[in-house]
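A.B. asks: The sequence shown begins at 1 in my numbering and counts up one residue at a time.
Derived by calculation from the structure, the hints in this document are not laboratory data. No residue lacks a Cβ here, since even glycine has one placed at the ideal position from N, Cα and C. Careful, some of the hints might be misleading.
Between beta-carbon pairs, the in silico distance windows are [unchecked claim]:
1) L184 to P39: 35 to 41 Å
2) A41 to R194: 19 to 25 Å
3) G108 to R178: 33 to 39 Å
4) Q155 to H128: 18 to 24 Å
5) E172 to P39: 33 to 39 Å
6) R67 to M157: 23 to 29 Å
7) M157 to W181: 17 to 23 Å
8) P142 to A41: 31 to 37 Å
9) R110 to S153: 21 to 27 Å
10) W156 to G127: 18 to 24 Å
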Amino acid sequence: MTDRPRPGFLREFLRAPRTVAAIAPSSASLAAAVTSPIPLAGAPMVLELGPGTGSFTAAIQQRLSGRGHHLAIEINDRFANRLAAEFPQVTVAAGDARNLKTIMTANGHRQADVIVSGLPWAAFAPGHQDSLLDAIVDGLAPDGAFTTFAYTSTQWMPPARRLRHSLTDHFEEVLPRRTVWANLPPAFIYVCRRPRRHLPATHDAAAAVPTRGLGERYPAGVGI
């Protein structure tokens with residue numbers, strides 16, 4: 001898999017830096033590392049959070065190779081529309097990742113075997129980080145894996161340190177993986193297993209969030 005150009009990424013960053021929070025899409029090397037816990041056999045249900053322009057989406061599809069299910073939740077309507085057009089085999093939902101359990105249920109899934117996150121954790125306030133992790137714990141299968149990444153350049157800043165502590169609070173096993181230098185900026189991976197079920201997850205929306213089913217298209221410029 002090679003890095004692909006992502007037109008409009010910088011424009012979306014300038015338009016909404018708190019939700020995009022990066023000036024360039026993730027590299028193919030980072031995408032391969034983040035998606036490595038997806039099993040190469042069976043029919044896993046993979047939930048992708050914050051797919052952006054699809055760097056991780058393409059890597060997930062490559063690992064699944066037609067197996068299982070792939071649900072992606074993207075808060076940016078323009079990115080969601082683009083993903084829907086580029087990856088018709090992926091179910092795309094435009095919405096807040098904190099509502100992931102409601103979105104999963106609306107699409108016929110109870111739990112995810114693997115949750116892959118491209119979310120900008122450093123841009124989130126403490127309460128936002130915790131509510132996301134509560135939702136992730138609630139939506140992940142007991143034997144599942146959650147993967148995310150952080151930039152090496154910000155690892156000692158308060159939001160990054162808070163994320164490390166929060167991951168430990170929410171998972172019994174948190175393994176930092178190797179640094180991926182072939183990314184802008186360089187990043188390292190967290191692989192988390194054995195979610196702590198005693199933490200409440202109360203952040204799902206009251207109503208189901210509409211999604212784009214397999215083979216459907218979003219109307220241009222219309223969020224769902």
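A.B. asks: Give a verdict on every hint.
C.D. replies: Here is what the structure says about each hint:
Our hint of 35 to 41 Å for L184 and P39 is violated, since their Cβ atoms are close to 29 Å apart. Checked against the given bound of 19 to 25 Å, the beta carbons of A41 and R194, roughly 21 Å apart, stay inside it. Restraint check, G108 to R178: a C-beta distance of roughly 36 Å satisfies the suggested window 33 to 39 Å. Between Q155 and H128 the beta carbon distance is about 19 Å. The supplied range of 18 to 24 Å therefore holds.
Separation of E172 from P39 is about 20 Å and departs from the stated range, judged on CB atoms against 33 to 39 Å. Between R67 and M157 the Cβ separation comes to about 39 Å, which falls outside the hinted range of 23 to 29 Å. The hinted range of 17 to 23 Å is satisfied by M157 and W181, whose Cβ atoms lie roughly 20 Å apart. Range check, P142 to A41: Cβ separation about 19 Å, and the 31 to 37 Å hint is violated.
For R110 and S153, the Cβ-Cβ distance of about 38 Å falls outside the hinted range of 21 to 27 Å, so the restraint is violated. A C-beta distance of roughly 22 Å is found between W156 and G127, which places it inside the suggested range of 18 to 24 Å.
Checked against the numbered hints listed earlier, the structure breaks hints 1, 5, 6, 8 and 9; every other hint is satisfied.
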